[in-house]
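Got chain A sorted already, so can you dock chains B, C and D with the ligands onto it with the hints?
Chains as they are written, first to last, in this note's numbering: chain A, 10 to 370; chain B, 17 to 331; chain C, 72 to 415; chain D, 4 to 513.
The set of hints was computed from the structure by calculation and includes no laboratory data. The beta-carbon is built from N, C-alpha and C at its ideal position, and this holds for glycine as well. Be a bit skeptical, because a hint or two may be false.
[To be verified] Partner residues aside, some chain B positions facing chain A, computed with beta carbon under 10 Å:
#1 Q85
#2 L100
#3 T106
[To be verified] Have a look at the derived ranges for each label pair, beta carbon to beta carbon:
#4 D/G205 - A/V144: 54 to 60 Å
#5 C/V186 - D/A92: 33 to 39 Å
#6 A/L201 - D/H275: 54 to 60 Å
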Amino acid sequence: MTEVAFTASATSGTRTYLTHALPLWRRTLLTHEAMIILSVVVVSIIAAASIPRFATPLTLSYLLLDVTPILLCALPVTLILVSGEIDLSVASAVGFSNVVIGWLFAEGVPIQGAILAGVLSGLLVGLVNGFLVAVLQLPSLAVTIGTLALFRGISIGILGTDSITNFPVELKSLANANVPGTGFPLVMFAVLVAIVLFAVMLHFTPFGRSVYATGQGIDTARFSGVRTVRVKFTLFLLSGLLAGLVGAYYTFRYGSARGDNAAGLELAVIAGVVLGGVSIFGGRGRIVGVVAGVLLIGLVQSVLRFMNYSSDVINIAVGGLLVVSVAVPLAFTAITQTVAHARRKTSTPMRAEESQHRKGK
Amino acid sequence: AAGSSSSDQGTTALSVGYVPKMLANPYFDQAGVGAEEAVKELNGDYVAVGPQVGAADAQVPFINTLAQQGRNGIILSASDPSALGQALTTAREAGTKVVTFDSDVEPEYRDLFVSPVPDMSLSKAMVDVMIEQIGEEGKIAILGASPNAKNQNAWISGIEKDIADSHPGIEIVEKFYGNDDDQESFDKTAAALQKTPGLSGIISTSTVGTASAARYISSSSFAGNVALTGIGMPNATKAYLEDGTIKKFVLFDPADMGRVGAYAIRALLDGDITGKAGDTFTAGDLGEYTVEEGGIVQAGEPIVFDLENIDQYNF
Amino acid sequence: MSAIQTRPSQLTAGQRFAAVLASRESAVVIVLALLILVATLQNPSFLFGPDGVRDLLLTPSILVPLAVAQAVVLITRNIDLSVASILGLGAWLSASTLANNPGLPLWLVAVGAVVLGAVLGSVNGVLIAVLGAPALVVTLGTLYIYRGLNVLWADGKVVSAVNMPKEFLEFGVGSLLGIPNLMIIALVIVVAVTWYMRSRPSARELYAIGSAPFAATLLGLPSKRRVFMALVASGAIAGLAGFMYAARYGAVDSQAGSGLELSAVAAAVLGGVAIFGGSGTVWGAAIGAVLLVTINRALPILGVPDFWQRAVVGLLILGAIVLDRLLALRHARKLSEIREKEND
Amino acid sequence: MFNEESTSSPGMAIALEMTGVTKSFGAVVALRDGELRLRYHSVHALMGENGAGKSTLVKIIAGLYLPDAGTLSLAGNPVSFKTTADAKAAGVAVVYQEPTMLPHLSVTENIFMGRLPTSRSGNVDRKRMRREARALFDRLGVHIDPDRIADGLSIADQQIIEIAKAISMDARVLIMDEPTAALSPEEVRRLFAITRSLRDEGRAILFISHRFEEVWDLCDTVTVMRDGAYVSTSPLAETTERDVVRQMVGRDVDSLYPRGERTHGNTLLKVHELTSLGVFHDIDFEVRAGEIVGLAGLVGAGRSEVARAIFGVDRYDSGTVELDGTPVRRHDPLHAMGLGLGFVPEDRRHQGLILEFGLSRNAALAVRRMLARLGIITDSRENSLARTWLSRLQVKARALDTPAGTLSGGNQQKIVLAKWLAASPRVLIVDEPTRGIDVGTKAEVHQILADLTHAGMGILMISSDLPEVLGMADRVLVMREGRITAELSHEDADAESVMYAATHSEAVKA
Ligand SMILES: Nc1ncnc2c1ncn2[C@@H]1O[C@H](COP(=O)(O)OP(=O)(O)OP(=O)(O)O)[C@@H](O)[C@H]1O
Ligand SMILES: Nc1ncnc2c1ncn2[C@@H]1O[C@H](COP(=O)(O)OP(=O)(O)OP(=O)(O)O)[C@@H](O)[C@H]1O
Ligand SMILES: [Mg+2]
Ligand SMILES: [Mg+2]
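Bound-form chain A, shown alone:
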């Protein structure tokens, strides 16, 4: 199209626009993500100062190793939640990949082949989810509860009572190795690369923009040329792929393949993602928050274990973190509104219509 002369704009002078409505500090510090990061820092400092032997490279190493599977699964699950869907089947996909690797390896397939097959198995889970959710447009909550059972069932079915353990030692030690002389696990390099890749993908690519648009207004997205089916399909494939990779990592980290491996991991993943500020209704959330959320849960668990609390207290703490992270902002809004109402006495602003629409799972 050739350049258009705008009569309308010619009549009044050019306008200028601020880039941001709020100053930098308010945009960065008064956010959910900043609160979580702050919590991580505060908890680390207090723990390091008050718990003997806590502040060691070993603590860091263990913390990072423990959160690695959760973190890797949380990355694509973040994107899925941002796009307005959910994936409860990640842990089953991890387990499925783990079992396929063990099974094929035990059947004599070379380890490289087994790993490849394991990753593809994870991808298969993503493919099934993607087809059912994106193409057939079935509710992802129900679909992934179904695939959670299906692929866990297949895993248990394949290995039965067996537990495969004789994996190559080099791979096992690689999965557990630290950068020499530090408490920094080698695998964290892969995790860091994944974090950066996902952060760039979500925040700095057209695809990322499509993901947000899909989650916030799927109709507007479609009217803007976003292939929402393809976007969702891709996200579930990514989730399957990462779960497949985590399955391989898991195999060598623990040197074990069995039907019940990684069971229940999905709740830890969802908890970390939600704690990191990702909305269950789609359209909101950032990778940095999720990384911090997963780390915060891992850190709190690690501290409580150090204080010899057992898993009951730890679970209460994790559940409490979750509830608090959603309830406190809402309670805060409710209180400020009540205060505002009391001030204006006769009239209040209309209760947000949107919140009525968004009420859901």
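Same frame as chain A, now just chains B, C and D with the ligands:
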């Protein structure tokens, strides 16, 4: 003998972490009682930590934390033979002695394994009690705990071997697993009994399973027709001895494993033993123990419980 | 006018019958009947064995109430993942109370479990209905919290059959006129809630709220109060299910019923309750629960090894929702065909 | 200010009175100093352009919105409705502009929800409910199965159910917000008969419609609103259509539409025998460079559906779409966009904008791929694009990261336009481009559209605003029930010929 002389030479204080497969399980609680008593006798510091449910990776963080806390001994019943390998290796590199009990890990990951009883003798005891009831002829089923635990598999294959070797008239027609879970064991027993008519008996290698299976059988029409035995916790199984569902069952005292484990750690720390075959150490009142091939110590012998002797035990 | 109308008053009896058969509930009933039939053919003792009928009825008696509770919440476009943890606390309350006070009347203990469940449900209710927090996150949180409280309360102890009064244990496995006591309780719950959901205006409002939350506001329905009550009811039923659990298994530790929440959701979805609210019936969820549990028992008999059972359950759930979508698509196509004819 | 005594029929008591009511949504003032006085035994019309604040006024009376200021009284008693239930209880029944069905519930339950009839035992009395629903439908002369579920009902049937619902409430004040927009003439006739009988029973009725003939047929008094403000109230007998239009629009209508000399180039968009079963049929037309083609018709005629199918958002069953000779793939908006098609959809809040996105994200959404360099897109690139287009279109906003949902309607519309202009399309489809935007902005939008055609763009303009179509379009296509019933040149198109084609199936193709 060697152990007692070196324990007062001002060596480091004992600090033991006890890690069962899962907390809140009477069997492991009883083993913990033994471990705690022994640690106290040795003037040590004791803590019991662990997951709520048994899963391969669930114990790893607890072992890691114990190592970080600088504890010098871990008494562990492993949920998986290899999943804990890295955690245990790191702990041992930092000077922590690792003694497994009840359920072992691969030998390279621990210093010593305390077996409750020789596997074969326990299997034999279970088979013998069953034969006493049903005679040398009949179909039986086996109710196991978790399909992946090493000791379970050892006991079950012991039963299979004993039957194959010495009781040709007995046929094992079914094996099922209740995962040490009341509900699952109960429901699976119901399903198994329906699925295989003509069953003469069930041997349960899961203490939880024995009580659950007894509870199902006693309330069903199979009561009196299907013999049940296996290993069981005296308190939980007593009621079924009394109502006749179970005539006799087998176990050992889990506390012995804990006690032996604690003394073994002391001996390992003091350098009295290294875990190789032939090493000997004294475990308080229990007397002297010898390390067998593969770094195994047998804590005791099977006990057969019946209405006569049941009241002597409380765990 | 181009309105499309289908008038059942003009349908033949055969068409009506076909419509009834096409409903999800009847489909599940048929699958269930076929399953029992095939399993019985394979192994007559499945049904005709000494405990066949009894076990058929007894096994689902815990999951049925949970599925009913879940259905009520799902219908309002919410979800309650904490049901299994509430069940755990109800079971522990029942078992430990009876172990310490063997003389206590059973009904009193059951009421205690129900009240405890209602209180726990009301915590969910305050957070979800009053504050407006997303149900999935809140109940995921309380799933952890309630289970953790259970572990603290139980303090590593187990209440086993020996500690419980005989009367309680006998109640758990006993039956009346051939129907197990626990199944009678489950049936009473199903019938009562089904009646309520069909007949009471407040229950129809639950459907309205789940069907279109904003339209419900326009209609002036008391959405917050209704959703709150649905969560309280869900908690109360789960608490009662805990009492039943203790009676049934005679041994309770702090992990009673853990993991059942997903089975409850699966049963409801299987029985035709839409996960996004507004439709489905409570008895459909109940029959879904029966199917889910019975499959687990029938598969070994049908020669499907133990280990593959979960996979079959997963397939079943997926099959049910895919079938729903296909039927909906067919329905939509028919509507557009009708419209097309009327236009010409 | 009008004189109350002279404009209202004496002797009829006031049923509802609203004074000085104000309501704003963030920066958008939807209603300022709203005024209304309804009397018993009367049907009162409320007229005003799109976005004049009519529905907002209705929603305040209904208790859905709490007003920022002002008073409301019923039969002389001041009231303050906190919820819709309060208003219902006070005897106010409302038919909302958008039907609000409960899709999973039966038609009967939809009618009675919130006040389900109960038997003595407190159970829902289904028999009575069904009987009453049947009676209502008989009275309305429609045949809807009371037992079917609401899902899948046509908009017309939904509207009828809404009306039945309101009538069944037996309310003293009945408010109907554009109830006839989707109804056929026969249904409208019946609705009017019932409305008159309700009036004769003594009820106060507020009737909102954009159709003048209906207002003159049914009502006795008319209140006109403009830009959220009250303008006047007068007995219909004492006013004319011309007066009302002048009051609604606020100026001479013709001056709105800038039409310089246009030279039409070659054909850009060619739509051939496009059919979507049950929705539209055999749609055939072309759009040339530098031309505005208007697509007129009543709401529900299927215009937006045609546009959506062309752009690829909806599927269609047969036919072809070509852009400059290249076939446009079915159901693939990205492909259509690549070929140079742009689409400003009718519902800007749900189809045009991501309300929570900032302005620059919205403006850049359609061109996100082109903005990326080596696959990476940055805020600064989006911002510079947005700066250009926002200032060209004179968007009133402070910052580029302002959430789009907080802008006023007209400015929101400009963002949607900016988003598509940024994509440099060759053919732009605009669906109700000026719905709900104020008179000034409306003129600006028309100017923009005119400027675009001068630069060689082809425009397909869908509008329910007849003067707009007549004023802007070089050719007018008229649709009725999914078919094109007339094609009129600018010269031949007048209100009468377009309305005739919109309501009669055998119209002449000129
Ligand atoms: N078990 C149930 N639980 C909840 N809702 C139900 C149930 N059965 C039916 N419904 C709902 O109730 C509405 C009407 O049901 P149905 O047609 O069976 O009642 P009916 O035959 O009109 O009752 P009656 O003749 O006794 O008054 C439907 O919307 C249906 O979805
Ligand atoms: N919930 C809301 N949030 C923000 N702005 C709103 C909201 N509802 C209405 N508005 C704005 O208020 C103004 C008046 O809208 P209203 O719906 O009252 O117009 P109307 O006169 O009914 O128009 P129409 O004839 O198109 O129905 C419009 O600019 C609209 O965009
Ligand atoms: Mg309106
Ligand atoms: Mg339209």
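Structure-based check of each hint:
1. Interface restraint check: B/Q85 against chain A, minimum CB-CB distance 6 Å, threshold 10 Å, status holds.
2. At its closest, the beta carbon of B/L100 sits 8 Å from a beta carbon of chain A; the interface hint therefore holds under the 10 Å criterion.
3. The criterion of a C-beta within 10 Å of any C-beta in chain A is met by B/T106, whose closest approach is roughly 8 Å, and the hint holds.
4. In this structure the supplied range 54 to 60 Å holds for D/G205 paired with A/V144, their Cβ-Cβ distance being about 58 Å.
5. A beta carbon spacing of about 34 Å between C/V186 and D/A92 agrees with the range 33 to 39 Å that was offered as a hint.
6. Between A/L201 and D/H275 the CB atoms are about 55 Å apart, so this pair conforms to the stated range of 54 to 60 Å.
Consistency note: the structure conflicts with none of the earlier hints.
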